[in-house]
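Respectively, the protein sequence lines represent chains Z and E.
If you count the first sequence from 1, position 308 lands on 308 in this note's numbering, and the numbers rise without skipping.
If you count the second sequence from 1, position 267 lands on 267 in this note's numbering, and the numbers rise without skipping.
If you're looking for bench data, these hints aren't it; they were derived computationally from the structure.
The reader is advised that the hints may include incorrect statements.
[Claimed, not checked] Covered by chain E, according to a simulated footprint, are these stretches of chain Z (three or more residues, beta-carbon under 8 Å):
no., region
1, 82 to 95
2, 163 to 169
3, 256 to 266
4, 286 to 299
[What the hints assert, rightly or not] Pair by pair, the computed Cβ-Cβ distance ranges are:
no., chain 1, residue 1, chain 2, residue 2, range
5, E, Thr145, Z, Ala59, 52 to 58 Å
6, Z, Ile140, E, Ser370, 36 to 42 Å
7, Z, Ile69, E, Ser370, 50 to 56 Å
8, Z, Val21, E, Lys277, 57 to 63 Å
9, E, Ser302, Z, Pro86, 32 to 38 Å
10, Z, Thr154, E, Pro418, 56 to 62 Å
11, Z, Ala59, E, Ser479, 51 to 57 Å
12, E, Asp434, Z, Phe73, 56 to 62 Å
13, E, Pro418, Z, Arg53, 56 to 62 Å
14, Z, Leu62, E, Thr301, 51 to 57 Å
15, E, Ser479, Z, Pro86, 39 to 45 Å
In this text, a Cβ means the ideal position worked out from N, Cα and C, and glycines have one as well.
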Amino acid sequence: MARYLLRRTAILIGSLFLAAVVLFVLLRLLPGDPANALLPVGATPEQIEAARRELGTDASLLSQFLTWIGDVFTLDLGSSLISHLPVGPEIAARLPVTIPLTLAAFTLAVLIAVPVGALAAIRADRWYGPVINAIAQLGIAVPAFWVGLLLITTFALQLGWLPAGGFPPDGWDDPAAAIQALVLPVVTVALVMSASLIRYVRSSTLDVLGADYLRTARALGASQSQAMWRHGLRNAAVPVIAVLAMELATTFLGAVVVESVFALPGLGGMLVKGISQHDYPVIQGIMLVSTATVLVVGFLGDLAQRLVDPRLLHREAS
Amino acid sequence: MKRLIATLSAVALAASLAACGGNDDDAPAANPAAETIQIGSVYEPQNLDNTAGGGQGVTEALNGNVYEGLFQLTDAGKVEPLLAKDDKVSDDGLTYTITLQPNVKFHSGKALTSADVKASIERVTAENSKSARKSYFEVIKEIATPDDATVVFTLKNRSISFIYNLSYIWVVNTAAGDLTTTADGTGPYKLGDWKRGSTLSLTKFDGYWGTAAKNAGVVFHYFTDATALNNALLTNAVDVVTSEQSPDALQQFTSNDAYKVNNGQSTTKLLLAFNDKVAPFNKVEVRQAVSQAIDDKKLLTSIWGEYGTLIGSMVPPSDPWYEDLTAVNAYDTANAKALLTKAGFPNGFTFTLDTPSYDPHPTAATFIKSELAKVGITVNINTITADEWYTKVYQKRDFAATLQEHVNDRDVVWYGNPDFYWGYNNPQVTDLVDKAEQSKTTDEQTTLLKQANAIIAEEAASDWLYLYPQIVVASSKLSGYPVNGLNAQFFAYGITKS
Numbered sequence: 001m002a003r004y005l006l007r008r009t010a011i012l013i014g015s016l017f018l019a020a021v022v023l024f025v026l027l028r029l030l031p032g033d034p035a036n037a038l039l040p041v042g043a044t045p046e047q048i049e050a051a052r053r054e055l056g057t058d059a060s061l062l063s064q065f066l067t068w069i070g071d072v073f074t075l076d077l078g079s080s081l082i083s084h085l086p087v088g089p090e091i092a093a094r095l096p097v098t099i100p101l102t103l104a105a106f107t108l109a110v111l112i113a114v115p116v117g118a119l120a121a122i123r124a125d126r127w128y129g130p131v132i133n134a135i136a137q138l139g140i141a142v143p144a145f146w147v148g149l150l151l152i153t154t155f156a157l158q159l160g161w162l163p164a165g166g167f168p169p170d171g172w173d174d175p176a177a178a179i180q181a182l183v184l185p186v187v188t189v190a191l192v193m194s195a196s197l198i199r200y201v202r203s204s205t206l207d208v209l210g211a212d213y214l215r216t217a218r219a220l221g222a223s224q225s226q227a228m229w230r231h232g233l234r235n236a237a238v239p240v241i242a243v244l245a246m247e248l249a250t251t252f253l254g255a256v257v258v259e260s261v262f263a264l265p266g267l268g269g270m271l272v273k274g275i276s277q278h279d280y281p282v283i284q285g286i287m288l289v290s291t292a293t294v295l296v297v298g299f300l301g302d303l304a305q306r307l308v309d310p311r312l313l314h315r316e317a318s
Numbered sequence: 001m002k003r004l005i006a007t008l009s010a011v012a013l014a015a016s017l018a019a020c021g022g023n024d025d026d027a028p029a030a031n032p033a034a035e036t037i038q039i040g041s042v043y044e045p046q047n048l049d050n051t052a053g054g055g056q057g058v059t060e061a062l063n064g065n066v067y068e069g070l071f072q073l074t075d076a077g078k079v080e081p082l083l084a085k086d087d088k089v090s091d092d093g094l095t096y097t098i099t100l101q102p103n104v105k106f107h108s109g110k111a112l113t114s115a116d117v118k119a120s121i122e123r124v125t126a127e128n129s130k131s132a133r134k135s136y137f138e139v140i141k142e143i144a145t146p147d148d149a150t151v152v153f154t155l156k157n158r159s160i161s162f163i164y165n166l167s168y169i170w171v172v173n174t175a176a177g178d179l180t181t182t183a184d185g186t187g188p189y190k191l192g193d194w195k196r197g198s199t200l201s202l203t204k205f206d207g208y209w210g211t212a213a214k215n216a217g218v219v220f221h222y223f224t225d226a227t228a229l230n231n232a233l234l235t236n237a238v239d240v241v242t243s244e245q246s247p248d249a250l251q252q253f254t255s256n257d258a259y260k261v262n263n264g265q266s267t268t269k270l271l272l273a274f275n276d277k278v279a280p281f282n283k284v285e286v287r288q289a290v291s292q293a294i295d296d297k298k299l300l301t302s303i304w305g306e307y308g309t310l311i312g313s314m315v316p317p318s319d320p321w322y323e324d325l326t327a328v329n330a331y332d333t334a335n336a337k338a339l340l341t342k343a344g345f346p347n348g349f350t351f352t353l354d355t356p357s358y359d360p361h362p363t364a365a366t367f368i369k370s371e372l373a374k375v376g377i378t379v380n381i382n383t384i385t386a387d388e389w390y391t392k393v394y395q396k397r398d399f400a401a402t403l404q405e406h407v408n409d410r411d412v413v414w415y416g417n418p419d420f421y422w423g424y425n426n427p428q429v430t431d432l433v434d435k436a437e438q439s440k441t442t443d444e445q446t447t448l449l450k451q452a453n454a455i456i457a458e459e460a461a462s463d464w465l466y467l468y469p470q471i472v473v474a475s476s477k478l479s480g481y482p483v484n485g486l487n488a489q490f491f492a493y494g495i496t497k498s
């Protein structure tokens with residue numbers, strides 16, 4: 001296990017570094033020049049050069065990269081080219097919206113998907129098995145913002161039960177208001193995420209149902225549900241955990257999309273604005289934080305998989 | 001089957017649990033700050049300093065509300081004194097002596113002095129200033145402050161627009177710190193909290209020297225998504241939307257008595273700008289032909305319905321030198337064909353139209369393409385980003401024709417500058433624009449600029465497709481809000497809610 005952990009951590013750090021390089025280079029390949037965004041119409045070439053010097057975009061790519069990565073190690077994500085305000089604290093200020101949204105949506109998605117998916121598999125021979133499957137298939141095809149708009153129209157505009165968007169200016173000082181603001185976005189992300197999860201849970205359960213060990217257990221006298229509890233669930237969980245880790249990462253990114261539909265002051269709005277303004281430090285900062293989150297969650301997922309099914313470790317060791 | 005029902009009811013329960021949190025919000029009036037006006041906008045400031053690239057949003061939220069200038073451009077387009085109690089111009093037009101209003105205090109408590117005014121102008125003209133108005137003040141030779149209440153400007157040459165240009169200068173406290181995240185002005189509101197990405201609040205300033213604000217304060221709510229903004233208005237989360245950008249969304253407000261849709265006048269013009277230096281658009285007849293071949297009315301209606309205005313030139317109705325020139329080079333395809341023949345293009349020609357990728361340009365480009373096809377002109381649409389536009393068209397002048405919006409008032413004067421990106425060069429117009437700036441009276445300025453405007457319209461220097469509407473949508477309980485929002489300002493102090 002220790003050896004596995006060491007190797008996996010090295011891979012994690014390597015991936016993070018690689019992601020940082022790719023991110024940096026890709027952003028620089030985009031057409032356009034942030035100096036333009038800073039200057040009024042009528043700026044002279046000298047002013048543009050001066051702006052580039054000020055921004056540091058006149059330096060070589062390598063030296064720009066080294067400066068950036070060096071700052072990242074000291075947890076300094078730089079300052080926005082447009083607002084001149086530091087990026088790190090702003091990202092931190094938006095996490096109290098994005099993180100609760102992601103975690104709540106993920107939890108809700110799992111709560112919906114695990115029983116529904118298992119039911120669809122165990123009762124595949126009944127009429128509702130295929131129906132659940134079809135609904136899930138449909139759910140995968142539906143974009144999150146559309147689900148969001150639908151929920152807003154129903155629960156905010158027509159029924160007036162919940163706010164259509166926005167977040168209380170005082171944030172979590174008034175938890176009730178903050179939770180109210182998050183209900184529809186959470187349900188939106190959860191519905192979309194649960195659709196694909198249901199299909200994973202279903203197919204993983206189906207695999208287990210057809211497995212030899214389950215038949216053996218039944219032959220030895222266990223009932224269907226006893227066999228499922230004792231042997232099936234644990235086996236079905238292994239592939240689902242891998243998918244869950246991936247889903248948690250996707251939920252995070254899904255939350256970023258849904259934020260602008262609900263006008264939430266999370267990372268999403270900040271990213272969209274940063275992209276439209278060629279604000280490199282902002283885009284880099286958010287993407288780095290998101291990428292790191294996705295990689296770390298993947299890492300923890302792998303770890304959890306091996307704790308549930310130690311055979312995986314032995315298989316790798318051999 | 002039982003399990004399915006159990007599952008479905010669990011889902012339904014979860015949904016209703018989630019929903020019941022909001023059941024008690026029948027009474028948004030229970031909000032202790034009922035006198036606070038909630039304003040919805042898509043223009044969040046980048047930072048709070050208009051000399052440091054704060055953008056349009058900082059003007060909307062702070063201009064006239066938190067900061068004041070010596071003069072103010074009213075919502076009706078008039079320039080009126082604000083912090084200037086009195087202003088005198090010497091006979092040669094080179095010395096402006098301005099006396100300040102007495103008893104003016106900054107929000108921090110310090111009294112306003114002439115030194116603050118001088119420092120405020122120097123902030124705008126400073127080397128590292130990012131103010132778009134910086135070049136307006138190159139005309140200043142010296143600023144003197146003989147006493148605390150008097151500022152004397154000496155100009156290098158006459159400048160009739162000087163007073164008007166001063167309306168763009170915010171008077172800030174010399175002792176204020178970093179103004180990108182804080183503010184210290186003399187206006188009716190002081191800055192409250194700025195939650196980036198969400199809200200910016202202003203509270204009534206009790207020590208205000210002038211007429212106090214009619215509400216307790218205002219909160220600007222910022223949205224990146226127009227639908228989210230409209231939904232906020234529909235659910236009473238905001239009372240007014242400063243500028244409606246999505247014409248499709250208006251129907252839900254016009255058909256509802258709870259809302260008022262105001263059709264104000266903007267200063268934003270949509271232009272088909274030709275490269276007047278390069279063939280074929282260096283020929284006046286070609287530009288006239290293209291202008292006459294496009295049915296502007298039809299374009300405007302298809303994009304904005306019954307909103308917006310046709311202008312026929314660069315001057316919006318809120319400028320003092322406005323004249324209705326829509327009849328000049330009006331829609332006439334037969335005449336357009338005749339002009340093309342006269343210009344030597346009886347069978348038309350082909351050109352590339354550089355089109356910014358964001359609305360409404362792609363729609364307008366497609367429309368223009370189909371209109372011009374009717375007179376034999378082939379248009380190749382080249383879609384580019386805003387950044388590419390700036391580099392390719394604006395800086396390198398590497399274009400035949402382009403679509404662009406020009407947002408400011410009084411910007412007809414750009415046609416007097418042969419070095420501007422569209423390359424229009426008529427020495428007579430340049431001369432009229434220069435003379436207008438040196439005018440002794442505003443009447444004289446107005447006469448000269450009207451002449452310049454008539455010439456550019458006749459010569460079809462560009463094709464001015466239409467003037468954008470400025471649509472402010474508000475709860476019908478609200479009154480006293482500005483409807484024209486000139487230069488993106490939004491004075492909030494007169495707003496009341498019944």
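Hint check results:
| no. | hint | in the structure |
| --- | --- | --- |
| 1 | 82 to 95 | holds (count 7) |
| 2 | 163 to 169 | holds (count 6) |
| 3 | 256 to 266 | holds (count 6) |
| 4 | 286 to 299 | violated (count 0) |
| 5 | Thr145(E) <-> Ala59(Z): 52 to 58 Å | violated (42 Å) |
| 6 | Ile140(Z) <-> Ser370(E): 36 to 42 Å | holds (39 Å) |
| 7 | Ile69(Z) <-> Ser370(E): 50 to 56 Å | holds (52 Å) |
| 8 | Val21(Z) <-> Lys277(E): 57 to 63 Å | violated (45 Å) |
| 9 | Ser302(E) <-> Pro86(Z): 32 to 38 Å | violated (45 Å) |
| 10 | Thr154(Z) <-> Pro418(E): 56 to 62 Å | holds (59 Å) |
| 11 | Ala59(Z) <-> Ser479(E): 51 to 57 Å | holds (55 Å) |
| 12 | Asp434(E) <-> Phe73(Z): 56 to 62 Å | holds (57 Å) |
| 13 | Pro418(E) <-> Arg53(Z): 56 to 62 Å | violated (30 Å) |
| 14 | Leu62(Z) <-> Thr301(E): 51 to 57 Å | holds (55 Å) |
| 15 | Ser479(E) <-> Pro86(Z): 39 to 45 Å | holds (41 Å) |
Checked against the numbered hints above, the structure violates hints 4, 5, 8, 9 and 13; every other hint is satisfied.
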